[in-house]
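**Q** Sequence:
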Amino acid sequence: MTHTLTNINSFIDYARTLKGDEKGEAQVFCDRLFQAFGHQGYKQAGAELEYRIKAKGKTTKFADLLWRPRLLLEMKKRGEKLEKYYQQAFEYWLELVPQRPKYVVLCNFDEFWIYDFDLQLREPVDRVSLEELPDRFTAFNFLFPENKQPVFNNNKIDVTRNAANKVAQVFNRLVERGETVETAQRFILQCVVALFAEDIDLLPRGLFTEFLTNCQTNRFSSYDLIGGLFRQMGSDRPAPQNSHYHNVPYFNGGIFSTIEPIHLTRSEIDLLLEAATERWSKVEPAIFGGLFESSMGKEERHALGAHYTSEADIQKVVLPTIIRPWRERIEAANTLKDLLALRQELINFKVLDPACGSGNFLYVAYREIKRLEAQLLTKIHQNFTRAANTIGTMSLVKTSQFYGIDIKPFAVELAKITLMLAKKLALDEENKSLNGVQMNLALDMDQALPLDNLDQNIRCDDALFCDWIKADTIIGNPPYQSKNKMQQEYGAAYVHRLREKYPKIPGRADFCVYWFRRAHDELKPNGRAGLVGTNTIRQNYSREGGLDYIVGNGGTITEAISTQVWSGDAVVHVSIVNWIKGEQQGKKKLFTQFGDDQNSSWEIAELDTINSALSAKLDVTQAKKLSINANSEACYQGQTHGHEGFLLSYNQAQMMLRDPLTKAVIYPYLTGDELLSHPHSLPSRYAIDLNNCQDIFAAMQYGKAFEHIKLYVMPAMQANAEKEKQETNRETGPRQSHFQRWWKFWRGRPEMLNKISKITRYIVCARVTKRPIFEFIHNNIHPNDALQVFSLNDDYSFGILQSGIHWSWFMARCSTLKGDFRYTSNTVFDSFPFPQSPTLTQVKKVAASAVKLRQLRRKVMTKNQWSLRELYRTLDLPGDHLLRKVQAELDTAVGEAYGIKPKDDPLKLLLELNFEIANRESQGLSVVAPGLPPIVNNAEEFITEDCVRMPE
1 MTHTLTNINS
11 FIDYARTLKG
21 DEKGEAQVFC
31 DRLFQAFGHQ
41 GYKQAGAELE
51 YRIKAKGKTT
61 KFADLLWRPR
71 LLLEMKKRGE
81 KLEKYYQQAF
91 EYWLELVPQR
101 PKYVVLCNFD
111 EFWIYDFDLQ
121 LREPVDRVSL
131 EELPDRFTAF
141 NFLFPENKQP
151 VFNNNKIDVT
161 RNAANKVAQV
171 FNRLVERGET
181 VETAQRFILQ
191 CVVALFAEDI
201 DLLPRGLFTE
211 FLTNCQTNRF
221 SSYDLIGGLF
231 RQMGSDRPAP
241 QNSHYHNVPY
251 FNGGIFSTIE
261 PIHLTRSEID
271 LLLEAATERW
281 SKVEPAIFGG
291 LFESSMGKEE
301 RHALGAHYTS
311 EADIQKVVLP
321 TIIRPWRERI
331 EAANTLKDLL
341 ALRQELINFK
351 VLDPACGSGN
361 FLYVAYREIK
371 RLEAQLLTKI
381 HQNFTRAANT
391 IGTMSLVKTS
401 QFYGIDIKPF
411 AVELAKITLM
421 LAKKLALDEE
431 NKSLNGVQMN
441 LALDMDQALP
451 LDNLDQNIRC
461 DDALFCDWIK
471 ADTIIGNPPY
481 QSKNKMQQEY
491 GAAYVHRLRE
501 KYPKIPGRAD
511 FCVYWFRRAH
521 DELKPNGRAG
531 LVGTNTIRQN
541 YSREGGLDYI
551 VGNGGTITEA
561 ISTQVWSGDA
571 VVHVSIVNWI
581 KGEQQGKKKL
591 FTQFGDDQNS
601 SWEIAELDTI
611 NSALSAKLDV
621 TQAKKLSINA
631 NSEACYQGQT
641 HGHEGFLLSY
651 NQAQMMLRDP
661 LTKAVIYPYL
671 TGDELLSHPH
681 SLPSRYAIDL
691 NNCQDIFAAM
701 QYGKAFEHIK
711 LYVMPAMQAN
721 AEKEKQETNR
731 ETGPRQSHFQ
741 RWWKFWRGRP
751 EMLNKISKIT
761 RYIVCARVTK
771 RPIFEFIHNN
781 IHPNDALQVF
791 SLNDDYSFGI
801 LQSGIHWSWF
811 MARCSTLKGD
821 FRYTSNTVFD
831 SFPFPQSPTL
841 TQVKKVAASA
851 VKLRQLRRKV
861 MTKNQWSLRE
871 LYRTLDLPGD
881 HLLRKVQAEL
891 DTAVGEAYGI
901 KPKDDPLKLL
911 LELNFEIANR
921 ESQGLSVVAP
931 GLPPIVNNAE
941 EFITEDCVRM
951 PE
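The sequence shown finishes on residue 952 if you use UniProt numbering, and the numbering steps up by one all the way, no holes.
Think of the hints as simulated: they come from the structure by calculation, not from any bench. Glycine is no exception: its CB is placed at the ideal position from the N, C-alpha and C atoms. One should not assume that every hint holds.
Stated by the list, open to error - Listed below are the simulated DSSO-like cross-link pairs for lysine-lysine, each with C-alpha atoms no more than 27 Å apart in a straight line:
| # | residue 1 | residue 2 |
| --- | --- | --- |
| 1 | LYS77 | LYS43 |
| 2 | LYS76 | LYS23 |
| 3 | LYS102 | LYS81 |
| 4 | LYS102 | LYS61 |
| 5 | LYS625 | LYS755 |
| 6 | LYS350 | LYS588 |
| 7 | LYS625 | LYS84 |
| 8 | LYS589 | LYS102 |
| 9 | LYS61 | LYS77 |
Said to hold, decoys possible - Computed beta-carbon distance windows for the label pairs:
| # | residue 1 | residue 2 | range |
| --- | --- | --- | --- |
| 10 | VAL28 | GLU889 | 51 to 59 Å |
| 11 | GLN701 | GLU722 | 38 to 46 Å |
| 12 | PRO145 | SER684 | 39 to 47 Å |
| 13 | SER757 | SER649 | 47 to 55 Å |
| 14 | ASP596 | THR335 | 49 to 57 Å |
Construct the entire structure; sequences and hints are all you get.
**A** Structure, rendered in structure tokens:
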């Protein structure tokens, strides 16, 4: 500690001797800063000065210091107002992938502003002056070589979470003791407005807290005192001088139009007083609603609201869809006429979020458009002084330009309040400065009140069936339900109605696709949209229904994120698409995140065109389905048992196998996880498979096996059928139909079992995987639904599937589950062209390379007692790797069979081959099917015996 303080004080003494010149002294300042925190200097620590960042177009900018993955440091000259540069720093940070720095620091030689953009965007997580550094150096713990956890003083996320948690607890208690949900929600929202208001000077400072304290001491009834306060906030008639409420201004007739007083218990008053102690002026409205809503209805110990949509993620829509296009237009306008025309257009600019939730996207959009207006006014005042006096500095952008729709009534009320508060907070910001230019704006509290009544702007409705306002920009984060969850969430009747209204959207598309398509239809020419969707919107049926439609009907994707982990929910991977209904010239940026957590690495590509697959690689979405593949009966999904009662442990199976009646219907049952995670890829469970039994009498012949599933499966199937009948009020349905054959799996796949029963081994891969790992399985092992099954038993076919060429096609054509790739037969296998004219020598070389690869895998796994997953993870390590070399040999052999040269793009040649085969099929000409090609006369020559099999 003493050594650290000595170093820091020496740094401060040195910094005082500098003039604070950004160009001449910033570098030595940075070097001495690194020395103060235990490094020999910035260079020895691995940081870089003047790091090149390619901005929009051909412009190159330079970040003052980049130290991946910890720090981006931007230096400004002494005396500069740092708030002017946060947007520049944020946009630099967005570009710095992979290994985007965790922290961003703005410094003007006398003050450090520290940002964590993953946490909060506009507000620094801390501000530390040079003089405070000896006492506050723990805020810079990330600068130490050992990278300690920093201690910040301005974490608005924690403040917001605590505030949301406490008011949610009051709501929960009100409902638990009998208040209706609607009454409790309205009362709590009125409390929230009052809590904000007393901290941001809309109410007399501390008034609501004073009233709560009076109720706590039983001087007044909360029913009367708090109820009276809310009535007065909703009344435009001033209270008498001798009233408790004589200083209470008129808020509006929106949230305060209906007042239902509640008598609060002592514990509820205590909780509201605890909430009042939070710094509500520091609460972040952009995330408050989401945290508040997620805490409602939960037990207190779980009421913290674990997830929220970070503003950095919201900005990935608002920045490219609203801010950048407007900012470029303002910067390009050089005449007063053009600037005034832009201002008129800006104050008529309408923004719609058709799935607005608690209003976080609308809040950020409103605040950013207010800042754009400030930028525009600043330019007028700096360049047209005479006209500026006439124009003034009054903000004309209104919350009434912002519109939202949501199906949940409470979310709608939250969104109204979020936007109401945005008005006051924006006025406070403008009063401080107009984009860095000090002005007397004469904006006072009276202009913040009354809060705008947004009942006509934010409405409760089903956006997919109601009319939309004709907006200039559509933004938001629509619901994420998959096609299967749509049925569960909304019911069959709703899904049927939805498909009747939108018949051209494939029935297997995800729910959010409907918003993408509707948004594009609703846009004006040259209107823009930015929406968040599941990362399956770029794949298969969802892509066809949404992004294919957009780019095929005049839309241009201007910036996109192919996939990323969403801050709103840690288990969701999303895509973000920003587009214009028209053309946009120039390069477009496509971002991709790899991995399953917020800190995973990023990749950025600059493209002339972003395709509907949101892929920087060749667009293979137009590949055609090949009849020769689809009809080959070579690719299947494994069995879906549907109930745990069909499964047996090893010991249970051994007992039943002693019974001759049951032995014929009990099989080892392999899952994808067991294939990859078990040292010998062996199944740990068995399954009772009565799928060949067409009626109850046939099933009953299997003695103990039948009795087992009668005991453990039949009751559950019956309960499911009854539940479906009650939910749908119909006598038919999938669960009711299945109950008529309750002894069978949900998906028994008899056609697949029939195929693999005719060969001694078959090929599988895990349907959801990060790596291309294929394996042969003996036909007495039945595959679970988590496996993709290929009824091919030759080494040549194995080599084709295990090749990097097939994996490239797989990645480009597959769907995804979170961050993992998912093998889908209809999009991957049915379109994948097998080599059409390999020589016999090339076929043999592929087969021999495949055998060599499997032999190596088995040898290394046996020696180390590794699973396939453990083996393939070693490929992440640098250096020579025998498995990598043998895989390369296989890839070369497969490439030769296709006629692909080392420098060729395999996707391009595969796509051309796909088109060629499809064209030959359309002409009735012969093509080569999956499996051994016709040139092979002796198939047995290519069938070895190695495979995963149960021990004797």
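**Q** Determine for every hint whether it applies to the structure shown.
**A** Hints, verified against the model:
1. LYS77 <-> LYS43: The hint holds at about 22 Å.
2. LYS76 <-> LYS23: 9 Å, holds
3. LYS102 <-> LYS81: Cα-Cα ~23 Å, so holds.
4. LYS102 <-> LYS61: Within the cut-off at roughly 20 Å; holds.
5. LYS625 <-> LYS755: Given pair LYS625, LYS755 holds - Cα atoms ~22 Å apart, limit 27 Å.
6. LYS350 <-> LYS588: Holds, at roughly 25 Å.
7. LYS625 <-> LYS84: Violated, at roughly 54 Å.
8. LYS589 <-> LYS102: 21 Å, holds
9. LYS61 <-> LYS77: 17 Å, holds
10. VAL28 <-> GLU889: 51 to 59 Å: Between VAL28 and GLU889, where Cβ atoms are some 54 Å apart, the hint holds.
11. GLN701 <-> GLU722: 38 to 46 Å: 28 Å, violated
12. PRO145 <-> SER684: 39 to 47 Å: 46 Å, holds
13. SER757 <-> SER649: 47 to 55 Å: Since SER757 and SER649 have Cβ atoms about 25 Å apart, the given range 47 to 55 Å is violated.
14. ASP596 <-> THR335: 49 to 57 Å: 52 Å, holds
In summary, the numbered hints that this structure violates are 7, 11, 13.
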